[in-house]
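Please build the complete structure, drawing on both the sequences and the hints.
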Amino acid sequence: MSLWVDKYRPKDLSKLDYHKDQAENLKKLTQRGDFPHLLVYGPSGAGKKTRIMCILKDLYGPGVERLRMEQLNFTTPSKKKLEIMTVSSNYHIEINPSDVGIYDRVVVMDLIKNVAQTQQLDVNGQREFKVIVLTDVDDLSKDAQHALRRTMEKYIANCRLILSANSTSRLTPAIRSRCLGIRVSAPTITEIVTILQGVCKREGLNLPTELAQRIAEKSNRNLRRAILMCEACKVEQYPFSANQNIAEPDWLLFIRAIARKISQEQSINTLASVRGDLYELIIHGIPNTIIFQTLVSELVKNCDITLKATIISQAALFEHRLQHGNKAIFHLEAFVAKYMYLYKKFLEDTIGDAF
Amino acid sequence: MDSFLKSGKLGTSIGDKTSQLNNEGVKKKKSVPWVEKYRPRTVSDIVEQTEAVHVLEQCIAGADLPNLLFYGPPGTGKTSTILAAARQLFGDMYRDRILELNASDERGIQVIRDKVKTFAQLTASAVRHDGKSCPPFKVIILDEADSLTNAAQAALRRTMEKESKTTRFCLICNYVSRIIEPLTSRCTKFQFKPLDESKILERLKLICQEEKLQVNDEVLNVLVKTSGGDMRRATTCLQSCSVLKGKDATVSMHDVYEITGVVPDQWVTDYISVCKENIYSKLEEFIESFILEAYTAAQFLKQVNEVIVNTDEFTDKRKAVIGEKLGTVSYRLQDGGSEYIQLLDLGCAIMIEYSKKT
Ligand SMILES: Nc1ncnc2c1ncn2[C@@H]1O[C@H](COP(=O)(O)OP(=O)(O)O)[C@@H](O)[C@H]1O
Ligand SMILES: [Mg+2]
Numbered sequence: 001m002s003l004w005v006d007k008y009r010p011k012d013l014s015k016l017d018y019h020k021d022q023a024e025n026l027k028k029l030t031q032r033g034d035f036p037h038l039l040v041y042g043p044s045g046a047g048k049k050t051r052i053m054c055i056l057k058d059l060y061g062p063g064v065e066r067l068r069m070e071q072l073n074f075t076t077p078s079k080k081k082l083e084i085m086t087v088s089s090n091y092h093i094e095i096n097p098s099d100v101g102i103y104d105r106v107v108v109m110d111l112i113k114n115v116a117q118t119q120q121l122d123v124n125g126q127r128e129f130k131v132i133v134l135t136d137v138d139d140l141s142k143d144a145q146h147a148l149r150r151t152m153e154k155y156i157a158n159c160r161l162i163l164s165a166n167s168t169s170r171l172t173p174a175i176r177s178r179c180l181g182i183r184v185s186a187p188t189i190t191e192i193v194t195i196l197q198g199v200c201k202r203e204g205l206n207l208p209t210e211l212a213q214r215i216a217e218k219s220n221r222n223l224r225r226a227i228l229m230c231e232a233c234k235v236e237q238y239p240f241s242a243n244q245n246i247a248e249p250d251w252l253l254f255i256r257a258i259a260r261k262i263s264q265e266q267s268i269n270t271l272a273s274v275r276g277d278l279y280e281l282i283i284h285g286i287p288n289t290i291i292f293q294t295l296v297s298e299l300v301k302n303c304d305i306t307l308k309a310t311i312i313s314q315a316a317l318f319e320h321r322l323q324h325g326n327k328a329i330f331h332l333e334a335f336v337a338k339y340m341y342l343y344k345k346f347l348e349d350t351i352g353d354a355f
Numbered sequence: 001m002d003s004f005l006k007s008g009k010l011g012t013s014i015g016d017k018t019s020q021l022n023n024e025g026v027k028k029k030k031s032v033p034w035v036e037k038y039r040p041r042t043v044s045d046i047v048e049q050t051e052a053v054h055v056l057e058q059c060i061a062g063a064d065l066p067n068l069l070f071y072g073p074p075g076t077g078k079t080s081t082i083l084a085a086a087r088q089l090f091g092d093m094y095r096d097r098i099l100e101l102n103a104s105d106e107r108g109i110q111v112i113r114d115k116v117k118t119f120a121q122l123t124a125s126a127v128r129h130d131g132k133s134c135p136p137f138k139v140i141i142l143d144e145a146d147s148l149t150n151a152a153q154a155a156l157r158r159t160m161e162k163e164s165k166t167t168r169f170c171l172i173c174n175y176v177s178r179i180i181e182p183l184t185s186r187c188t189k190f191q192f193k194p195l196d197e198s199k200i201l202e203r204l205k206l207i208c209q210e211e212k213l214q215v216n217d218e219v220l221n222v223l224v225k226t227s228g229g230d231m232r233r234a235t236t237c238l239q240s241c242s243v244l245k246g247k248d249a250t251v252s253m254h255d256v257y258e259i260t261g262v263v264p265d266q267w268v269t270d271y272i273s274v275c276k277e278n279i280y281s282k283l284e285e286f287i288e289s290f291i292l293e294a295y296t297a298a299q300f301l302k303q304v305n306e307v308i309v310n311t312d313e314f315t316d317k318r319k320a321v322i323g324e325k326l327g328t329v330s331y332r333l334q335d336g337g338s339e340y341i342q343l344l345d346l347g348c349a350i351m352i353e354y355s356k357k358t
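Going down the list, the sequences are from chains L and F.
Note that the UniProt record's numbering numbers the first sequence so that position 97 is 97, with each residue one more than the last.
Note that the UniProt record's numbering numbers the second sequence so that position 286 is 286, with each residue one more than the last.
Errors might be hidden in some of the hints.
[Stated by the list, open to error] Distance windows between CB atoms, simulated: (1) Ala151/F / Lys113/L: 21 to 27 Å; (2) Lys261/L / Thr315/F: 42 to 48 Å; (3) Pro10/L / Ala151/F: 50 to 56 Å; (4) Thr350/L / Ala151/F: 55 to 61 Å; (5) Glu65/L / Ser125/F: 57 to 63 Å; (6) Gln334/F / Glu83/L: 28 to 34 Å; (7) Ile102/L / Thr42/F: 43 to 49 Å; (8) Lys132/F / Ser14/L: 55 to 61 Å; (9) Ile351/L / Asn278/F: 22 to 28 Å.
Hint data in this document are derived by calculation from the structure and do not stem from the laboratory.
Glycine residues also receive a C-beta, built at the ideal position from the N, C-alpha and C atoms.
Written out as structure tokens, the structure reads:
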């Protein structure tokens, strides 16, 4: 039994629930000969993947839905062996280059060259090109991005790239300007409510509007998360009630607990115990940026405006450093320590004022 | 299988530069990207860059070339200039006489040793196939030369000296400071400047005419303004407009903002007025929803900067403080920093400057 998120994923551009104008433009785009490279960007859970699959289906027909998982092997110039998982059909192949870390350049280049050199087998196929879908390109190394800019021009006859990213900030202007950008903003709360109700209806369930509204708000306008939450609610309690408990993601609760711990006691002991907690999050694959952002937004809650500004500027400094170092824990911990120092001083000052 | 039945070879590709240069492929009717289609064919077609154009025209008349170094921002005609000059110098021999290397996918010392050396050592005769005379040298174009490693640049220096009789080099880069001094001193240097807005507008109008595209002046102006003097960007955006909307539909302001990535002004004014209110939770909320819209943060900062610079709400000194934070934040963002935290940081800085005033 598949999850609702997969089961009710729209499969056609015409069936997309929101950003309908854009879908219409995309439809026109697939019908033309000069299909460009695309850069599809937007926050997670906004529907980038769904849109990409719809575009592919429009280009090639239902054949693209026959997917297979395959492991590909590459060798770096220094003879290091790399393995990467791919999902592909006869017409396209999808990889996440950041799976191979700093070797992303080799994998991306080799893959594009291979795909570009194998002509479409099916001569009657309606397209002369195959599509390579690269996901999470925000994480592409600068090296890989440099290499891409020329490669994108060179092999455009036989292959097109569809890049997917959470934001365009980390992409070099050269890559951005070689693609047609497709901005996929998060659906609004109202749109999410409608979608949740649609899903429940098709499941034969009755979802109270209040509950749908609460789920949508808790989801942070992340549609995937909203549908997962809704399904979890169903498992927990059915028939639904308007004010039933909505389970939030474990990692979110966990980070909130860390923040509470830090504001309760600023000491070496807390720092040591927080380190363990942060490790736990990292091990479970929660992205560093998410950990940092959530922690910051929790921690500033009980500060006054001046302190908030100071803490944010420290966070901005440490989070930027984190992107460069290869041990995220150092920078997270440094920030926590800095926060403890500032917060303790703030508490002492305000208590001092009170007397 | 309806994939099979959908008829017609729709997928004519956007032609590529290499196939034009190497001419390997079978001649197909390709839909060429407009950047290629409207690339100047002769040196005199190059807009502005008068110094380079002037010197090169004399070189072409004298049938010789010095080693060249072109530097300047993207889309200002560097590649076009050298390609046009080569075409005029060599006529139909042009394809055999140039080697175009893009440092981005083939870099490192090995390329210099192998490809450049071998090509440099080929002899070039002084007559064309048709018996007309032709300059007896070849041109090696090293595009994007600023991403060559220093070792590769050093190797290049030797090749450049040894083969000076039969080969001319043209180095192209964005930043001249990334090229080692022994190389720059061996070349005649030309700086390429961002194109004037009026010149870009003129060319865009020409393209619209040729492509029979309905675009009103307001839209063209946005394209020109956002290009920042980069002709490639302006042309590509114009083509994107036409690709996305289809030939006959008119391009609206909304479309052009979407394609050029301009953030609607409302977001910029709201950001600043939220800062003015001096309520942190509102700023936080604003940034959360801003990020959910997925606008490009770099472009947003550019627009915020524009407003801050022109406002009369701040003294110059205050503007300088905000400006400094803007610079830091913009650098960190491009360097991988989180949009959420960096935009908060900037917001706090603006907030502080506002609250100082009262
Ligand atoms: N000075 C110019 N005059 C006319 N067209 C230009 C000029 N500069 C750029 N262009 C146009 O912009 C496109 C990119 O130019 P190119 O020479 O490749 O720029 P770069 O300086 O990055 O090498 C070309 O298609 C060309 O049509
Ligand atoms: Mg160039």
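Cross-check of the supplied hints:
no.: 1; hint: Ala151/F / Lys113/L: 21 to 27 Å; verdict: 25 Å, holds
no.: 2; hint: Lys261/L / Thr315/F: 42 to 48 Å; verdict: 44 Å, holds
no.: 3; hint: Pro10/L / Ala151/F: 50 to 56 Å; verdict: 52 Å, holds
no.: 4; hint: Thr350/L / Ala151/F: 55 to 61 Å; verdict: 59 Å, holds
no.: 5; hint: Glu65/L / Ser125/F: 57 to 63 Å; verdict: 58 Å, holds
no.: 6; hint: Gln334/F / Glu83/L: 28 to 34 Å; verdict: 32 Å, holds
no.: 7; hint: Ile102/L / Thr42/F: 43 to 49 Å; verdict: 45 Å, holds
no.: 8; hint: Lys132/F / Ser14/L: 55 to 61 Å; verdict: 60 Å, holds
no.: 9; hint: Ile351/L / Asn278/F: 22 to 28 Å; verdict: 25 Å, holds
Checked against the numbered hints above, the structure breaks none of them.
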